Amino acid sequence: MKALLTSLRMIVIAAVLCIFLFPVYWTVTMAFKPAEEWTPTGGKTYWVPDHPTFDNFRRIFGGTPGGSDSFLVSTPINATDSIVTSLVTSIVGTLLALAVGTFAAYGISRYRAGGKMLGFSILQLRMFPPIAVIIPVLFLWTYLHLFDTRLGLILIYGAVTFPFVVWLMKSFFDEVPREISEAAIVDGCSQFGAFRKSVLPLVKGGLATTALFVFILNWSDFLIALVLAGNNVVTAPVFLSQITSAATGEEFGSRAALGVILITPPMLLSILIQKHLVRGLTFGAIKR
Amino acid sequence: MEITTDTTTQAGDSLQAGGVPTAPMHPHRHISRLMILPGIVLLLLLVLFPVVMEIYISLTTWTPTTGSQWYLAYRNWTWFGNYWDGLTSPSFITAAVRTIVMTVAATGVEFLLGFGLALLFLEKFIGRGVATVLFLIPMMIVPAVSGFVFLLLLRTDGPLNTAISAIVPGTFEARWLTDPTLAPVAVTLVDIWQWTPLMFLILLAGLMAVPEDQIQAADILGASWFQKLRHVVLPIVKPIILIALIIRGMEAFKIFDAAWLLTQGGPGEASSTISVKLYREAFQNSQWSYVAALAIVVMIFVSLAASQAIKPLERQQERGA
Amino acid sequence: MEEQVHQNEESPAGTPAGRRATRRQVVAAGAAAGLGLAVASPAAGGVAKSTRRTRVGRAVGGPSGWAGSQRYQYPADSAPGRAIARAKALPAANKPAQLVVGLYPGSIGNYSTPFPKGATPPAKLWEQLTGIKIKFVPVDAAQAYAKNTRMAATRDGSMNIVQLGMADTGDLAEAGLLRDLSDYVAKHKPDWNDPKWGYLGGKTTTQMFNYYNGKPYAVASDGDYQIFVIRKDLWADPAEQKAFKAKYGYALTPPRTWDEQADMAEFFHRPNDNLLGATDLRSAAWGWINFVMRYTSTANPVAYYWDDNMKPLINGPGGLKALNHLIKTTAFGSKDALTWVWPEQYQNWGDGGAAMTIAFNNLTKFHKKGGPFDKSGFDVGSKTHAIPMPGWKVNGKLVRHTSLYFNASNGVNTFSPAKYHEAAYLFLQWVASGPIYTWLTANPGGYQDPCKVACLTDPLVRSSYTPRTVDVLAMTVPGAAPSITALKGANEYIQALDINLQKALSGQLSPQKALDAVAASWDRTTNKVGRARQVAAWRASKAGWPKMADSAKGKV
Numbered sequence: 000m001k002a003l004l005t006s007l008r009m010i011v012i013a014a015v016l017c018i019f020l021f022p023v024y025w026t027v028t029m030a031f032k033p034a035e036e037w038t039p040t041g042g043k044t045y046w047v048p049d050h051p052t053f054d055n056f057r058r059i060f061g062g063t064p065g066g067s068d069s070f071l072v073s074t075p076i077n078a079t080d081s082i083v084t085s086l087v088t089s090i091v092g093t094l095l096a097l098a099v100g101t102f103a104a105y106g107i108s109r110y111r112a113g114g115k116m117l118g119f120s121i122l123q124l125r126m127f128p129p130i131a132v133i134i135p136v137l138f139l140w141t142y143l144h145l146f147d148t149r150l151g152l153i154l155i156y157g158a159v160t161f162p163f164v165v166w167l168m169k170s171f172f173d174e175v176p177r178e179i180s181e182a183a184i185v186d187g188c189s190q191f192g193a194f195r196k197s198v199l200p201l202v203k204g205g206l207a208t209t210a211l212f213v214f215i216l217n218w219s220d221f222l223i224a225l226v227l228a229g230n231n232v233v234t235a236p237v238f239l240s241q242i243t244s245a246a247t248g249e250e251f252g253s254r255a256a257l258g259v260i261l262i263t264p265p266m267l268l269s270i271l272i273q274k275h276l277v278r279g280l281t282f283g284a285i286k287r
Numbered sequence: 000m001e002i003t004t005d006t007t008t009q010a011g012d013s014l015q016a017g018g019v020p021t022a023p024m025h026p027h028r029h030i031s032r033l034m035i036l037p038g039i040v041l042l043l044l045l046v047l048f049p050v051v052m053e054i055y056i057s058l059t060t061w062t063p064t065t066g067s068q069w070y071l072a073y074r075n076w077t078w079f080g081n082y083w084d085g086l087t088s089p090s091f092i093t094a095a096v097r098t099i100v101m102t103v104a105a106t107g108v109e110f111l112l113g114f115g116l117a118l119l120f121l122e123k124f125i126g127r128g129v130a131t132v133l134f135l136i137p138m139m140i141v142p143a144v145s146g147f148v149f150l151l152l153l154r155t156d157g158p159l160n161t162a163i164s165a166i167v168p169g170t171f172e173a174r175w176l177t178d179p180t181l182a183p184v185a186v187t188l189v190d191i192w193q194w195t196p197l198m199f200l201i202l203l204a205g206l207m208a209v210p211e212d213q214i215q216a217a218d219i220l221g222a223s224w225f226q227k228l229r230h231v232v233l234p235i236v237k238p239i240i241l242i243a244l245i246i247r248g249m250e251a252f253k254i255f256d257a258a259w260l261l262t263q264g265g266p267g268e269a270s271s272t273i274s275v276k277l278y279r280e281a282f283q284n285s286q287w288s289y290v291a292a293l294a295i296v297v298m299i300f301v302s303l304a305a306s307q308a309i310k311p312l313e314r315q316q317e318r319g320a
Numbered sequence: 000m001e002e003q004v005h006q007n008e009e010s011p012a013g014t015p016a017g018r019r020a021t022r023r024q025v026v027a028a029g030a031a032a033g034l035g036l037a038v039a040s041p042a043a044g045g046v047a048k049s050t051r052r053t054r055v056g057r058a059v060g061g062p063s064g065w066a067g068s069q070r071y072q073y074p075a076d077s078a079p080g081r082a083i084a085r086a087k088a089l090p091a092a093n094k095p096a097q098l099v100v101g102l103y104p105g106s107i108g109n110y111s112t113p114f115p116k117g118a119t120p121p122a123k124l125w126e127q128l129t130g131i132k133i134k135f136v137p138v139d140a141a142q143a144y145a146k147n148t149r150m151a152a153t154r155d156g157s158m159n160i161v162q163l164g165m166a167d168t169g170d171l172a173e174a175g176l177l178r179d180l181s182d183y184v185a186k187h188k189p190d191w192n193d194p195k196w197g198y199l200g201g202k203t204t205t206q207m208f209n210y211y212n213g214k215p216y217a218v219a220s221d222g223d224y225q226i227f228v229i230r231k232d233l234w235a236d237p238a239e240q241k242a243f244k245a246k247y248g249y250a251l252t253p254p255r256t257w258d259e260q261a262d263m264a265e266f267f268h269r270p271n272d273n274l275l276g277a278t279d280l281r282s283a284a285w286g287w288i289n290f291v292m293r294y295t296s297t298a299n300p301v302a303y304y305w306d307d308n309m310k311p312l313i314n315g316p317g318g319l320k321a322l323n324h325l326i327k328t329t330a331f332g333s334k335d336a337l338t339w340v341w342p343e344q345y346q347n348w349g350d351g352g353a354a355m356t357i358a359f360n361n362l363t364k365f366h367k368k369g370g371p372f373d374k375s376g377f378d379v380g381s382k383t384h385a386i387p388m389p390g391w392k393v394n395g396k397l398v399r400h401t402s403l404y405f406n407a408s409n410g411v412n413t414f415s416p417a418k419y420h421e422a423a424y425l426f427l428q429w430v431a432s433g434p435i436y437t438w439l440t441a442n443p444g445g446y447q448d449p450c451k452v453a454c455l456t457d458p459l460v461r462s463s464y465t466p467r468t469v470d471v472l473a474m475t476v477p478g479a480a481p482s483i484t485a486l487k488g489a490n491e492y493i494q495a496l497d498i499n500l501q502k503a504l505s506g507q508l509s510p511q512k513a514l515d516a517v518a519a520s521w522d523r524t525t526n527k528v529g530r531a532r533q534v535a536a537w538r539a540s541k542a543g544w545p546k547m548a549d550s551a552k553g554k555v
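Protein chains in written order, with numbering that gives the first Met the number 0: chain A, 0 to 287; chain B, 0 to 320; chain C, 0 to 555.
Be aware that one or more of the hints could be misleading.
Straight-line distance between alpha carbons at most 16 Å, and here's what the computed EDC-like set of lysine to aspartate or glutamate pairs gives [claimed, not checked]: (1) C:K334 <-> B:D156; (2) C:K244 <-> C:D258; (3) C:K334 <-> B:E172; (4) C:K368 <-> C:D378; (5) A:K274 <-> B:E122; (6) C:K186 <-> C:E421; (7) C:K246 <-> C:E259; (8) C:K244 <-> C:D262; (9) C:K382 <-> C:D232; (10) C:K327 <-> C:D258; (11) C:K214 <-> C:D179; (12) C:K527 <-> B:D84; (13) C:K334 <-> C:D272; (14) A:K1 <-> B:E122; (15) C:K334 <-> B:D178; (16) C:K374 <-> A:D49; (17) C:K320 <-> C:E259; (18) C:K554 <-> C:D470; (19) C:K310 <-> C:D522; (20) C:K244 <-> C:E259; (21) B:K227 <-> B:D212.
Part of the chain C face toward chain A, derived, beta carbon under 10 Å [claimed, not checked]: (22) V99; (23) Y103; (24) P104; (25) V136; (26) P137; (27) V138; (28) Q142; (29) R149; (30) A152; (31) T153.
Simulated from the structure, these hints should not be mistaken for laboratory data. Values in this document were obtained by computation on a predicted structure and should not be read as measured data. Note that CB positions come from ideal geometry on N, CA and C, so glycine has one too.
Turn these sequences into a full structure, and let the hints guide you.
Structure, rendered in structure tokens:
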């Protein structure tokens, strides 16, 4: 019976994975399709690229489009700058949100700092539709000379994702029994020491999850980078949305190629954290 | 043995043996303030000015095409004209209702799927690490990309319909993107695809944090899997579930990328969510004051909804049970 | 086509010698073009000198160093000549080291890739001639209006020259972003109305493209006129002709009216054989122009969107007729018609998948044998035949109008440093002048389309766009009806039309209700803008509307 359940479990997991990964498969194959196979209108669907090519990747890193496009000269583009910009702004923005948010979360969770209202006010930051937030921030950023700068993006990324960190980390901190930090204090730690040495390690899983989520949010952001930057400071999603050519319009293959490359940083991060998740956190220290 | 979840007590309490709260301890006050200080600074920066400015221009008819600077908007004062226009606009009301429905559907399905999967992943199996990472990939595809990928997948002659046609009799030709009823469904499906992995991740992290000893204790008492779930796991994980639902719900309410890239909120306005409507008004019609008014209405509504949703969370914390 | 020889209207009354030189130069260039020869030129390398003696013996400016470059050269007292001379002579305080120019990414190729091979591209040529560098900033077409609005609101002067579409002129002028160019136009005399080098369609087109409320705010460099194309192999097939005559009772000739078009679309709609009847677009943001195409010819000489008091006319009988036809013929297109954008349409056309379509006139530019859309080897290019846009018979008289939308133009950013405004304007005067524009429009590396009279006879343009298409443009552009433009709130009007058309096409609203919703929405916008002011702007914009019912005079 147990074996049957286990195999059933495996089958369900495999099936769900297949369904969820099909669009991913489509994206990856699109990245290797030549221009002719991007939009089949003759009734033929290209499940697998007929003539796989690296042209799309070459195109986004400065090459001119090859293949049947060769008689059409399009302006070369290079995605490297935008990828670097995205990395810098997302990573630092995430760290900012994590730092500020984790402290605040502990303060609210452990000490009820700020009373009842602080937590909720922080959450309210996310209730404003982003378009409405962007417009005033646009003016604010212009006055502060943060418009179209990396620092400006970092600050705004940190600010808009910090509520997530607070609320997620707060809930993970709430799961930690008080006795743990109490015990550390009894052992001679300061309040901050107790936080750092005994509580923080216990919420590693939660911290990792939060970090991943926040990073992905910042990494995928389009609207903010579009409105608050876009001339000198171009992030990868904005760059991607502008890959067009005179002849073929939106270059699906090139966009897919860049999209595939853009999966890498979040993927790396998630590989790093899955150790923390899957290790299984035990609270065996406390017996009640 | 009493099975409890440890939650917080009032600020500054300390527990003595037996768990009797004493009077607040003063040193904690400084630490606590210090911890939240950076957060408050960020909050003020990003809330005070934007909210004040949005309220200001929402009471005027200023737009960039008025030609004057925004702080001179008082010259176009209109009191609650924008609010009235918004609340009596059938297009906005329909978009609001539609967004609520899509949010509830998306969040609900994402939760159920995510929770189910997290339960399945709880016990170790070979390749669990790999499977976890694989399952997270949909989240990592930038919406700018998943937008056009789903556009291609959902065409009437696209792979999805072709695949379904292979299974069902006859040709399956659902017009996912051009039928007024199916378009919002398609957008919801894309959201589910993209964010179920997140729910899965959060819930998995929460489930894994359930203390082993309590599970073992329940085992000793002879509890079945289902009883363990209901009486041990769920109470502990409840705060995380609530947070996940609230956070995802709030985000789903603002759904934009999928709706815009797939259908531009169409056909017509059939899949226009509130964010799509605001985007059109702001960036295609440059009606910034109207958008400000609508945004404030939305914010008030979401605030009320969220404050209601948080009540169970706060109650639990008060009780400490 | 007969070479027209006229005086350059814009140049100051020159010396008799100057006039003679102009005429001789034009004749020489025309002769060379007619013979398909190029006047002999020195070795390649594309080094441009600012003055160069040609066979006709007058100092000229412009591109040089490649076969045929003489066609695009100009004398000193021409619009481009004056622009260069003045730009060079600018005092140091007014001469920027570089001009930041916003451009659609798909247009940058026109300005900065060599065409023909080995030639110095226009932007580089300008740099060599004036010493002012040009830096292009790509401005995605879908985001351009939002970007411009943002720049206006925050008084952002980082771009000297902004990119816009024709519908945005009113809004951006009102927002203060676009500098009023009247003084520069008076001073430097661009060749916009020149009979040879000016806009195709003359003063009417100039008004439509560059003017808002009577003042010039933008310089258009594009010609997004729509053309109607048929598959001439299908029309020429005797078997098809016989079957059509048998079924519909009249001969299968290229359609002159929309009723004929509907019949032929129905006749050729054979999805099982991979042939669609008519694939003119129906999608959001792209398809509304095809409603306009059917609407503006419902009245003689032309059907306006509003009457002279800004009362909408769109929901009258003409609008209903147009919308009903639009809905009816959607069935003869793709099942995904509501999501098809031009790449799908072009791909399908290249596969021989449609009998008729309406598209940008660059359709024939991109559908060459072995080109990007000829993947199946069908060579649709040889089978594509452009004809004037069909119309309606109004009281027995045939009324036909093509139309256009998007259409790139550029303006000078008011908020950029004022001392460089003139330099920015001079670049626009030069790059949008007849000679330079005609040269760069033939470049397949960018999607800017012909809009100047000279384009009609230019060998590069004719071979690039195909002679037939160019001839059809010559016939139809003078009679082109504007889409919604030259008004504040133009985008809102278009939005309302677009969204309600989509609702009608997807069955959410009946046609009359959809049009009534459009009219109601339009009234709201007009009231918001200010009725009196909008009426004035609308009446001023009518200077850009055609006066004749059918500029192609019945020809197909």
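Going through the hints against the structure:
{"no.": "1", "hint": "C:K334 <-> B:D156", "verdict": "8 Å, holds"}
{"no.": "2", "hint": "C:K244 <-> C:D258", "verdict": "15 Å, holds"}
{"no.": "3", "hint": "C:K334 <-> B:E172", "verdict": "9 Å, holds"}
{"no.": "4", "hint": "C:K368 <-> C:D378", "verdict": "5 Å, holds"}
{"no.": "5", "hint": "A:K274 <-> B:E122", "verdict": "15 Å, holds"}
{"no.": "6", "hint": "C:K186 <-> C:E421", "verdict": "10 Å, holds"}
{"no.": "7", "hint": "C:K246 <-> C:E259", "verdict": "13 Å, holds"}
{"no.": "8", "hint": "C:K244 <-> C:D262", "verdict": "11 Å, holds"}
{"no.": "9", "hint": "C:K382 <-> C:D232", "verdict": "6 Å, holds"}
{"no.": "10", "hint": "C:K327 <-> C:D258", "verdict": "11 Å, holds"}
{"no.": "11", "hint": "C:K214 <-> C:D179", "verdict": "7 Å, holds"}
{"no.": "12", "hint": "C:K527 <-> B:D84", "verdict": "12 Å, holds"}
{"no.": "13", "hint": "C:K334 <-> C:D272", "verdict": "15 Å, holds"}
{"no.": "14", "hint": "A:K1 <-> B:E122", "verdict": "13 Å, holds"}
{"no.": "15", "hint": "C:K334 <-> B:D178", "verdict": "11 Å, holds"}
{"no.": "16", "hint": "C:K374 <-> A:D49", "verdict": "13 Å, holds"}
{"no.": "17", "hint": "C:K320 <-> C:E259", "verdict": "14 Å, holds"}
{"no.": "18", "hint": "C:K554 <-> C:D470", "verdict": "12 Å, holds"}
{"no.": "19", "hint": "C:K310 <-> C:D522", "verdict": "7 Å, holds"}
{"no.": "20", "hint": "C:K244 <-> C:E259", "verdict": "12 Å, holds"}
{"no.": "21", "hint": "B:K227 <-> B:D212", "verdict": "12 Å, holds"}
{"no.": "22", "hint": "V99", "verdict": "9 Å, holds"}
{"no.": "23", "hint": "Y103", "verdict": "8 Å, holds"}
{"no.": "24", "hint": "P104", "verdict": "5 Å, holds"}
{"no.": "25", "hint": "V136", "verdict": "6 Å, holds"}
{"no.": "26", "hint": "P137", "verdict": "6 Å, holds"}
{"no.": "27", "hint": "V138", "verdict": "9 Å, holds"}
{"no.": "28", "hint": "Q142", "verdict": "7 Å, holds"}
{"no.": "29", "hint": "R149", "verdict": "6 Å, holds"}
{"no.": "30", "hint": "A152", "verdict": "7 Å, holds"}
{"no.": "31", "hint": "T153", "verdict": "4 Å, holds"}
When each numbered hint is compared with the structure, no violation occurs for any of them.
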